[in-house]
Every structure is written in C-alpha cells, then in structure tokens.
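Trainee: Chain by chain, the residues run as shown.
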Amino acid sequence: MSQRVFITGYGIITSIGTNRTENLKSLIDGTSGFGELEVLDTVHRKSLPSCEIKHDDRQLRDLAGLKKNETGFTRTSLLGLIALQEAIRSAGLSKEEVNTSGLLSATTTGGIREFEKYFYDLLDLQQQGSFIQFSDTANPGEHGERIADHAGIGNYIGTISTACSSSANAIMQGARLIRHRKLDRVICGGAEALSKFTINGFNSLMIVDPGHCRPFDVSRAGLNLGEGAAYLVLESEEVVARDGKTALGELKGYGNANDAFHQTASSPEGTGAIRAMQLALESGKITPDAVDYINAHGTATENNDLSEGMGIQTLFHERVPLFSSTKPFTGHTLAAAGSIEAVFSLLAMENQMVWPNLNFNNRMPELSISPVRKLLVNTPLKNVLSNSFGFGGNTSSLLLASA
Amino acid sequence: MVGQQKYYINGIGIISPQRTFGHAEFLTHINVYDKNVLNAVTPDFKAFINPVQLRRLSRMLRIGMTASIMCLRDARIQAPDGIITATGYGFLEETEKFLREMLDRGEKQLTPTFFMQGTYNALAGLIALSTKCTGYNNTYVSKGFAFENALDDALMQLEEKPDQNILVGSYDEAAAVQHVSGLREKHYKSEHINSLDLFKTQTRGSLQGEGSAFFDISGSETTSTWCRIQDLEIVYAPTHDIKLASLLSAFLEKNNITPRDVDVWVNGVSGDVLNDSLLSSLKNSLLQQVPEVRFKHLSGEYCTASSFALWLGASILKKQMVPEAVAFGSPFPEHLNTVLIVNQYMNKNYSFILLKK
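Keeping their order, the protein sequence lines are chains A and B. Going by the working numbering, the first residue of the first sequence is number 1, and it counts up by one from there. Going by the working numbering, the first residue of the second sequence is number 1, and it counts up by one from there.
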C-alpha cells in the first residue's frame with residue numbers, strides 16, 4: 001500500500017492546442033480558446049460562444065493517424081485517441097507495456113454528439129447509411145473500449161462518469177489500482193466533445209455566460225463550455241525504479257467526497273470541497289502550508305466559485321496558497337477538466353510558472369482572497385492541488401508533486 | 001485480493017424482471033416475457049420514497065433509489081460510508097426526452113429536469129443527498145465492466161479501511177431507443193421468442209433486460225450477512241477459449257481452489273450463438289463437472305446484468321438451495337459453499353466473481 005505513484009507521460013488536446021507544446025505556449029501567451037462555434041452545428045453558434053477545437057472531425061482523424069477503413073470514431077473518441085497517443089509517446093511505452101496497461105477513461109456524454117446528429121435516422125430501422133457506425137454511441141463506455149482497442153491496451157478497462165469531476169476520479173482510481181498492486185501501469189484521463197446536448201443542457205440550467213467567463217470575479221455570470229482530452233501515464237514506484245524511467249511528477253494524494261447538499265448545486269460553505277482537499281492532503285501526508293498552488297475548479301458559476309472560494313479560505317486560513325482557474329483558457333471541458341488541469345498543474349511545476357486566472361478584476365464580497373491575475377514566472381512549485389467538482393455533489397481533489 | 005481482508009455482503013436490495021424484492025420467496029413464481037423486452041417488476045414506491053420526492057423522480061431513479069433503500073434496510077444501517085454505482089446506458093429515457101425536445105423545438109425552451117436526471121451519477125448523488133453521506137462517491141459506466149469496476153472499487157475501499165459499509169449498486173433501464181440501436185448492433189434478437197426459450201435459440205442477439213441491484217459490502221460479518229466475496233477479476237476481450245480457460249484456472253489457483261471445489265457456477269450466457277461461444281466452450285472443458293445455473297432468461301441482457309448474478313449467487317449460498325428455474329444440468333451438492341460467477345457481455349467484457357458461504 002505504501003507504493004508511490006509516478007507520472008511518466010501525458011498527452012493533451014484542448015481549444016488552446018492539439019498537444020503539450022501548443023497548450024504550454026497558449027498558457028504563457030495568455031491565449032484563450034473562447035470564440036464563436038464554427039465546427040459544431042447549433043443555433044447557439046453566435047449566441048453561446050465556447051472553447052471549441054477548430055479542427056473538424058476529418059482533420060482530427062488525420063491528427064490521430066486513422067486509416068479510412070477505421071470507422072466508428074466519435075469526436076469524443078478522436079480527441080481521446082489523440083491525447084492518449086501523445087501520452088503513450090511521451091512515456092516512451094513499448095507495445096508490450098501498452099498492452100499490459102490499464103485504461104481508466106472518463107466522459108459525461110461519450111458519443112452523444114453523433115447520437116443527436118443522426119438521432120431520427122438511427123431510430124428508423126429502415127434507414128441505412130454510413131451513420132450506422134455511430135449506432136451504439138449513446139453508450140458512455142463505448143469511447144473507452146474504442147480507444148483502448150486502437151492503442152492496444154488490453155489489461156483493465158474502466159470508464160467513470162461523475163459529471164465534472166470524472167477524470168479526476170479516473171486518475172485517483174488509477175493510482176489506487178497501482179497502490180493495491182493490481183496493476184503496474186494505468187493510463188488515466190478523460191475525453192469530451194462539445195455537443196448540442198451539453199450546450200443546451202447547461203443553458204437550460206441558466207449557468208452559461210454568453211460572454212467570456214470570469215472565475216472568482218464579483219461579476220461572474222456562468223461558465224463557458226469547452227472540449228478536449230488529456231491522459232496521464234501512471235506507473236508504480238517499483239516499475240519506475242526497475243526500468244530506470246524518468247518521472248515527470250508524482251501523484252501524491254487524492255480525495256473524493258460528496259457535498260450531499262443539492263443535486264446540482266454546491267453548499268455555500270464548501271463542505272464537499274473542504275473534505276476533498278483535506279483527504280488529498282492527508283493521503284499525501286502533507287500539511288496545508290506545504291501547498292504552493294491550487295488549480296481551482298473555478299467554473300465561474302455564481303455557486304461554484306463561492307463554494308470553492310469559501311472552502312479554500314476555510315481550509316487554509318491566513319495562508320491561502322496561490323490559486324487560479326484556467327477555465328477562461330479552455331472553457332469547462334466537463335469530464336476532461338480534471339485530467340486537462342492535472343496536465344496544466346504538471347506544466348506549471350515543470351516550468352516554474354503559475355497560470356493566470358484570466359478576466360478577474362474584482363473580488364466577490366463574501367471572500368477575502370483573490371486568484372493570480374498575471375502569469376508568474378520563476379515560481380518554484382513543489383505541491384499542487386487540482387480541484388474538480390460536479391453535479392450530484394461529487395467533489396474530488398488531486399495532489400500532484402514535482403518530480 | 002490475496003490479502004487478509006474479508007468482504008461480506010451484508011444487505012441486498014434488488015428490483016428486476018422477476019419478483020426479487022422482499023427476499024421472502026426465491027424465484028418460485030417466474031415471469032415469462034414474449035416481446036424480447038424484460039421490464040422490471042416494481043414494488044409500491046410509496047413504501048420507500050416520500051410522495052413529494054416521488055413525483056420529481058424519473059422511473060429509473062425511483063427503481064434505483066428504492067433498491068438502495070431496500071438494501072440499507074436489509075443491512076439494518078441508516079447510511080453507508082461510501083456509495084458506488086454502475087450503469088451501462090444510464091438514464092437513457094431522460095436523455096432521449098431532452099434530445100427530442102431539443103431537436104423538435106430548435107434548441108429553445110428546454111426542460112432542465114430531463115438534463116439533470118439524465119446524468120450518470122444522478123442516482124449516486126441522490127442517495128448521498130438522502131442519506132447525508134458525504135463519504136466516497138463514484139460512478140462507473142464501462143459497458144459490461146461497470147458493475148465489476150464498482151465492486152472492485154468497493155473491495156479496495158474496504159482494504160483501505162475495513163470498518164465501513166460501502167453501498168454498491170447497478171441500474172440499467174430497457175430504454176426503447178437502446179432497443180433500436182441494439183437491433184442494429186445485433187445485441188438483441190430480431191425474431192420474437194418466449195424468454196424461457198432463450199437458450200434454445202441458435203441466432204444472434206439476446207433479450208433486453210433491466211434492473212437495479214444494491215449490495216451493502218463490509219469488512220465484517222453481521223447477523224444479516226448473505227455471503228462472502230472471495231475474489232473478483234475482469235478479462236477484456238480474450239481472443240480465444242483457451243486463453244479464457246487458462247485465466248480462469250489461474251484465478252481459481254490464486255484462491256487455492258480447483259473446479260472440483262466449486263459447488264455451483266453461474267453461467268452468463270446470453271442466448272447469442274456467437275457471443276456465447278467462449279462460455280459454452282468453458283462448460284465443455286474446465287467447468288464440465290461443475291453444476292451450472294443460468295439467469296439471463298430471467299433478467300434479460302444488460303450491461304450490469306452481473307449484479308443480478310451476484311444476487312443469485314448470494315441467495316443460493318444464503319438459502320442453501322438452487323431454484324428450478326435457474327438449474328441447468330447436473331445435480332447440486334447438498335451443502336453449497338462456493339459459487340463461481342462467469343459473465344460475459346457482448347463477448348468483450350468477461351468477469352469472474354468467487355463467492356463463499
């Protein structure tokens with residue numbers, strides 16, 4: 001059980017870049033992916049701008065290196081595969097190592113984008129056409145098996161869906177499988193494509209800001225949706241030592257709790273948030289003052305930022321670490337947010353930088369703390385917390401440490 | 001799980017196409033279906049959920065919520081320490097309602113309830129909310145592995161901290177849209193059959209089932225204990241029957257038993273001539289001498305059908321009897337101590353679950 005868990009590779013695709021290098025550049029330059037929708041066909045194209053990856057599915061297929069006869073890949077699967085392939089390359093895994101890996105993936109909607117597009121055709125059994133490749137994409141586990149099959153992962157498969165905390169839980173679960181010595185290596189993360197379903201769903205809840213989101217700001221008026229994927233390669237301490245692998249970071253701790261307050265809202269005092277962060281610190285055996293930076297969930301909804309801000313304030317008292325939300329860069333990528341922000345946390349530690357919380361101007365009256373507004377450089381970071389909270393009261397927090 | 005920790009099932013609540021709630025009778029009266037869809041037989045929800053809440057919940061949330069309450073009552077606990085749910089397609093009927101509104105109304109004036117109640121973790125969240133359980137909470141949606149992933153997670157929770165009650169449950173509904181997709185994918189038979197004739201067919205596809213089964217799993221025995229979970233393993237897409245047999249042999253060996261020590265094996269065949277081939281081969285090789293039971297003619301096929309098998313195995317051990325409706329073949333030993341569940345879903349998701357009295 002005392003086995004440490006290291007991160008030996010990762011891959012990422014978001015609206016601010018199709019790989020690690022591009023994402024890093026955008027974070028440094030302060031370039032956001034927010035804008036009108038061009039690829040997704042929706043009436044909200046102009047009215048609800050989002051953080052969309054400007055590659056159409058054909059271009060994504062090329063990025064993933066798919067052959068013409070390889071069908072059935074939804075946009076979620078394509079994003080997942082691209083990030084998964086980069087993660088495998090970055091960890092330098094052999095074919096055999098990939099084969100014996102586990103895959104824990106996360107999504108909230110899987111292939112609903114294709115399902116909604118071909119809905120009436122799919123439901124009419126008389127209709128035939130190339131769309132039938134998407135007939136089972138309403139299943140959220142479908143993407144996990146498809147990308148595992150393509151990458152050649154054959155050991156242990158799982159898909160997690162706990163709303164916006166999904167991929168944080170996938171990473172946590174991967175670490176636990178290693179600590180319990182069930183697996184030596186697990187690739188964990190999440191993938192999420194934008195869809196009319198999610199845009200309209202969040203819009204029906206009236207928590208989407210038509211303007212650029214402003215986490216933790218007094219004027220915040222909701223989230224922007226985004227799409228993307230990220231995967232981390234987790235390997236056991238033993239394997240890293242035995243095979244002389246280079247660790248890019250350590251997954252030191254994790255916490256999962258439930259707010260048990262409301263089906264779609266967080267408690268104003270941040271009960272679940274505090275518990276998740278506390279558990280992450282306890283399992284990583286560090287005290288709050290050892291945390292150097294928090295990559296906040298910070299969706300910019302009225303409710304989340306108040307609850308999370310109160311939680312941070314309560315847990316850290318007078319010694320609140322640097323914190324920021326990177327949601328204005330990527331939008332809220334739902335199930336993928338946890339793994340995308342885990343990668344951003346690793347990039348922050350590697351480059352000794354803290355990513356700015358774009359669009360923050362004025363503190364909300366309930367809080368006495370403010371996020372980092374401008375890019376910080378030459379800031380050594382040892383321990384970073386990454387928060388992910390979701391509907392259903394799910395709260396998770398990951399503790400990442402520099403290598 | 002070669003460790004020292006033991007895992008007990010201390011409570012069960014199950015709603016299925018058979019009258020499985022109440023635990024008084026054990027598959028004595030069998031419901032037969034002839035439209036290829038096996039719908040859950042539901043109890044009076046008012047005995048479990050207050051009327052105000054009841055009105056707000058979708059059918060599947062009512063079923064799942066009720067199964068979870070039945071389980072907690074059976075285990076005689078107020079609230080669990082952690083909640084883990086599993087589903088294949090989630091609340092597809094709510095998702096469908098939202099999708100239809102969205103498509104038909106041009107993305108305008110939509111009902112947020114359908115969206116909210118369509119999220120896969122809605123049930124786990126609702127149980128947490130109603131039992132005020134702020135502990136561990138997770139939801140797996142991995143097709144035919146979802147329930148096994150959840151169970152595996154629960155066992156790890158108990159290994160980390162034995163003195164806990166972890167509520168693990170499944171839910172899947174026989175949604176009409178999924179039936180159509182399933183016909184395209186050959187998940188379901190295109191010809192209508194009597195559900196009890198499922199294993200006589202020689203065609204592709206199975207019957208569409210549904211249900212919700214919750215289990216209270218704990219690190220210590222109580223007066224309400226059903227049985228012990230000895231071990232669990234998943235196998236992804238085994239390429240041929242010899243590979244599956246060798247993995248099963250290794251699994252039994254790891255638990256210091258041989259096929260001869262297994263009193264009953266629960267065979268997860270689904271009536272699909274192609275998808276059942278590996279399990280049929282197991283029956284004629286490694287498990288040839290082991291008395292067999294089957295269940296998918298009673299539950300139908302769905303992603304988390306192995307949860308029905310877990311209830312069946314636990315009931316066989318607790319009640320020390322094998323109902324006629326599930327018995328296939330050889331006579332069963334007088335004392336039933338060891339049950340092995342071998343399930344398959346779409347010939348890709350295989351699992352072994354070993355239960356002890």
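Don't read these hints as lab results, they were simulated from the structure. Among the hints, a few may not be true.
[Unchecked claim] Derived lysine-lysine pairs resembling DSS-like cross-links, with alpha carbons at most 27 Å apart: (1) Lys-254(B) <-> Lys-348(B); (2) Lys-132(B) <-> Lys-68(A); (3) Lys-97(B) <-> Lys-95(A); (4) Lys-348(B) <-> Lys-318(B); (5) Lys-186(B) <-> Lys-54(A); (6) Lys-200(B) <-> Lys-97(B); (7) Lys-348(B) <-> Lys-68(A); (8) Lys-35(B) <-> Lys-189(B); (9) Lys-186(B) <-> Lys-67(A); (10) Lys-35(B) <-> Lys-182(A); (11) Lys-46(A) <-> Lys-182(A); (12) Lys-182(A) <-> Lys-357(B); (13) Lys-46(A) <-> Lys-97(B); (14) Lys-200(B) <-> Lys-186(B); (15) Lys-95(A) <-> Lys-318(B); (16) Lys-254(B) <-> Lys-186(B); (17) Lys-356(B) <-> Lys-182(A); (18) Lys-200(B) <-> Lys-182(A); (19) Lys-186(B) <-> Lys-182(A); (20) Lys-357(B) <-> Lys-161(B); (21) Lys-254(B) <-> Lys-182(A); (22) Lys-67(A) <-> Lys-132(B); (23) Lys-46(B) <-> Lys-182(A); (24) Lys-161(B) <-> Lys-132(B); (25) Lys-319(B) <-> Lys-283(B); (26) Lys-54(A) <-> Lys-25(A); (27) Lys-25(A) <-> Lys-67(A); (28) Lys-356(B) <-> Lys-285(A).
These figures come from a predicted structure and were not determined experimentally.
Trainee: Find the hints from earlier in the document that the structure breaks and name them by number, from lowest to highest.
Mentor: 2, 3, 4, 5, 6, 10, 11, 15, 16, 18, 19, 22, 23, 27, 28
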